[in-house]
Amino acid sequence: MIINVARKELKSMFASPMGWVILSLLMFAFGTYYLNGVNDYFAVMSGAMRPAERTGVTQFVGQMVYGFASFMVLFAVPLLSMRLISEERRSQTLPFLFSAPISLTEIVLGKFLGLVAFLGILIVFIAAMLSTLNIWADIDFGFIVANSLGLLLMVASFSALGLYFSSLTQQPVVAAILTFVALFALMFLDRFFAGDPSNTLASLSLTRHFQSFSGGLIDTGDIAYFVLFIVTFLTLTVRRLDADRLRG
Amino acid sequence: MNNFTVEAIELTRLYGGREAVSNVSFTLSKGEVLGFLGPNGAGKSTTMKMLTGNLAPSNGSVKICGIDMMENPKEAKALIGYLPEMRPLYKELTVDEYLTVAARLHRVSAKHIKKAVEVAKERCGLGHMSKRLIENLSNGYQQRVGIAQAIIHNPMVVILDEPTVGLDPIQIRDIRTLIREVGGEHSVIISTHILPEVEMVCDHVQIIDKGKLVFNGSIDVLKRQRIGNKLLIGMRNPPSTDEMLKISGVTEVEALPNGLMRVRFADDATPAEAIVQNSVQHGWGLHQIAPDQTSLEDVFMQLTYQEQSVI
Numbered sequence: 000m001i002i003n004v005a006r007k008e009l010k011s012m013f014a015s016p017m018g019w020v021i022l023s024l025l026m027f028a029f030g031t032y033y034l035n036g037v038n039d040y041f042a043v044m045s046g047a048m049r050p051a052e053r054t055g056v057t058q059f060v061g062q063m064v065y066g067f068a069s070f071m072v073l074f075a076v077p078l079l080s081m082r083l084i085s086e087e088r089r090s091q092t093l094p095f096l097f098s099a100p101i102s103l104t105e106i107v108l109g110k111f112l113g114l115v116a117f118l119g120i121l122i123v124f125i126a127a128m129l130s131t132l133n134i135w136a137d138i139d140f141g142f143i144v145a146n147s148l149g150l151l152l153m154v155a156s157f158s159a160l161g162l163y164f165s166s167l168t169q170q171p172v173v174a175a176i177l178t179f180v181a182l183f184a185l186m187f188l189d190r191f192f193a194g195d196p197s198n199t200l201a202s203l204s205l206t207r208h209f210q211s212f213s214g215g216l217i218d219t220g221d222i223a224y225f226v227l228f229i230v231t232f233l234t235l236t237v238r239r240l241d242a243d244r245l246r247g
Numbered sequence: 000m001n002n003f004t005v006e007a008i009e010l011t012r013l014y015g016g017r018e019a020v021s022n023v024s025f026t027l028s029k030g031e032v033l034g035f036l037g038p039n040g041a042g043k044s045t046t047m048k049m050l051t052g053n054l055a056p057s058n059g060s061v062k063i064c065g066i067d068m069m070e071n072p073k074e075a076k077a078l079i080g081y082l083p084e085m086r087p088l089y090k091e092l093t094v095d096e097y098l099t100v101a102a103r104l105h106r107v108s109a110k111h112i113k114k115a116v117e118v119a120k121e122r123c124g125l126g127h128m129s130k131r132l133i134e135n136l137s138n139g140y141q142q143r144v145g146i147a148q149a150i151i152h153n154p155m156v157v158i159l160d161e162p163t164v165g166l167d168p169i170q171i172r173d174i175r176t177l178i179r180e181v182g183g184e185h186s187v188i189i190s191t192h193i194l195p196e197v198e199m200v201c202d203h204v205q206i207i208d209k210g211k212l213v214f215n216g217s218i219d220v221l222k223r224q225r226i227g228n229k230l231l232i233g234m235r236n237p238p239s240t241d242e243m244l245k246i247s248g249v250t251e252v253e254a255l256p257n258g259l260m261r262v263r264f265a266d267d268a269t270p271a272e273a274i275v276q277n278s279v280q281h282g283w284g285l286h287q288i289a290p291d292q293t294s295l296e297d298v299f300m301q302l303t304y305q306e307q308s309v310i
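Each protein sequence line maps, in turn, to chains A and B. Per numbering that gives the first Met the number 0, the very first residue in the first sequence carries number 0; after that it's consecutive. Per numbering that gives the first Met the number 0, the very first residue in the second sequence carries number 0; after that it's consecutive.
Next comes chain A alone, as it looks inside the complex (with noise of 0.2 Å):
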């Protein structure tokens, strides 16, 4: 039931230009960044004497094009996800998924699902983008797979977050302003902090959790943080859509 919800949003997406539009020029921007990657590349390691201030290219180019991917992001999530619940307010067509035999959570997550599989295209194109280096290099997919699950991770959070944002108004736009905010404090929020590095706030920060994925270190802590977000917003969400049968 889940995956039926899932699928009708993927439909939904790839129905309208808007999808299709954000998925090429996200592309288009981090092929870009790839190339300019691999050309800065040479540019830096001829001028590197020492070896130990040579880097290997996947960790060069990788760093790039995932570090501008992780940035990227945060204005395409809310785009995204503003009109997953709010359009359906709008438009009046929740009834339609309320009336069917699925439960709320059922609802949410296949929604979220929805959105977190379309983003996930983006991610694995990237990650395809990258192992083409593998011809010319011997390149460390431990270090692009760590950089997937994080930023797949990240969108997830961000995707959970713009669905909560989506439930609360009938208005998209304000829907992706309002995710937008929210994101873009929760991302740098730890810059506030920067004296005092050990401060709680600082560790709620988005981007304090991205960087141990983006040096190719799984860390469990960091999973359980992201895991815990999504769950927070998704549970949010449900709530926020129970309210509306019982209130009306």
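You can trust all of the hints, since none of them are fake.
Here are a few chain A residues that face chain B, going by a calculated C-beta distance under 7 Å: (1) N3; (2) K7; (3) S11; (4) A14; (5) S15; (6) Q91; (7) T92; (8) P94; (9) F95; (10) F97; (11) S98; (12) A99; (13) P100; (14) R244; (15) L245.
Restraint-style ranges between C-beta atoms, simulated for each label pair: (16) R190/A <-> R106/B: 46 to 52 Å; (17) A116/A <-> T11/B: 39 to 45 Å; (18) R106/B <-> T199/A: 44 to 50 Å.
In short, the hints are calculated from the structure, not lab data. Here the structure is a predicted model, which is why all the values come from computation and not from measurement. Every residue gets a Cβ at the ideal spot worked out from N, C-alpha and C, and that includes glycine.
Take the given structure of chain A and dock chain B to it, following the hints.
Using the frame of chain A, we list chain B on its own:
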């Protein structure tokens, strides 16, 4: 076990302390079509939302085929097909895509989806619209898609909130036939403003006003109220009311302007023939005689008005 497909027990819904629906109880058996009438804001849609689990009742419960909507919402919802007042259509999808999604969400097994979509389209006259985007369909066709969506999984109970809005007369007739057809095997609840429609398709009628049920009964009861034992007679030289009262069976006479006269007669009497004979004998100049029907609107007005005067 009883045979009720829908059981509403003391449904009450409060909106911020104001009762939108109060204490509404009714039952519906298999194979019945229930018409739901009421002025604007009477609580028709609210009741329907509660029946379909879109809104939680403040008090009372709903049972669909004996399954409680509150306790087992999934099982209960699987037995319902619902068309809300505002059509819940995903306009970016085509008719086929949308109906497939609807069938999937309503647990039609993968093997039967294609067939279910075909049958629903055929029943609602959508065959040639399969590949069109819902957005580009006319209002009436969108309404048909909405109805198709509600019957696609062959539900036990079909609940339609104003199903014939925006349809052309031919389609209205088709939809009425469809409602009757579905009502034959299952139960149907429709709400409508068009009163003759109720008379045509419904077995049962409920009139709701200000959140309270003011009439609940068979359509025959309403029809009897409507037709009544009255004749409307037009004459060029109308007699006095006393003369008219002398005719056997006539119990009450009311003179109307333009030489018209309304005559009420006893239940088992048929005074029409006698009146015609008298008219010929006395030269009343009869030019018109017909059973006087109160329109359904009048009955409706009476029922909702009575309630107001009690308050």
